[in-house]
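K.L.:
Sequence:
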Amino acid sequence: MPSTPTLALIALGLIVLIGGAVRVIRSLRRFARARTLVGDRVGDGVGLLKARTAALKVAIAGRRPKEQARTRANPAYDRRGGGDRRITNG
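Numbered per the working numbering, the sequence shown spans residues 1 to 90.
If you're looking for bench data, these hints aren't it; they were derived computationally from the structure.
Please read all numbers here as calculations on a predicted model, not as lab measurements.
We put the beta carbon where it would ideally sit given N, CA and C, even for glycine.
Treat each hint with caution, since some may be false.
Claimed, not checked - Derived Cβ-Cβ restraints for the label pairs, each shown as a range: (1) Leu7 - Asp40: 48 to 58 Å; (2) Leu49 - Ser27: 31 to 41 Å; (3) Ala8 - Asp44: 46 to 56 Å; (4) Ala55 - Ala34: 24 to 34 Å.
Produce the complete structure using the sequences and hints provided.
P.N.:
This is how it looks when you write it as structure tokens:
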């Protein structure tokens with residue numbers, strides 16, 4: 001039968017293709033896990049940095065004299081609207 005070697009090559013090709021696909025899928029899963037882990041750690045670091053920045057702003061604002069809080073000498077003063085940018089919803 002002349003078609004037997006052809007069928008055997010097709011079967012071998014499919015086996016190799018499936019084996020390669022399985023290896024690629026495993027690699028992609030490992031990469032996705034690593035990406036998630038790195039993203040979580042970077043996100044945690046960014047969150048901590050934002051919290052520290054906010055704490056510093058509060059500490060600095062607490063040291064500022066009250067009469068300077070709403071003047072143009074204050075860098076947080078919004079010159080466009082005439083209000084204080086630190087105040088939200090108002």
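K.L.:
Would you mind marking each hint as holding or not holding in the structure?
P.N.:
A quick look at each hint next to the structure:
Between Leu7 and Asp40 the CB atoms are about 50 Å apart, so this pair conforms to the stated range of 48 to 58 Å. In this structure, Leu49 and Ser27 meet the distance hint of 31 to 41 Å, their C-beta atoms being roughly 33 Å apart. Ala8 and Asp44 have their C-beta atoms about 55 Å apart, which keeps the hinted 46 to 56 Å range intact. Between Ala55 and Ala34 the beta carbon distance is about 32 Å. The supplied range of 24 to 34 Å therefore holds.
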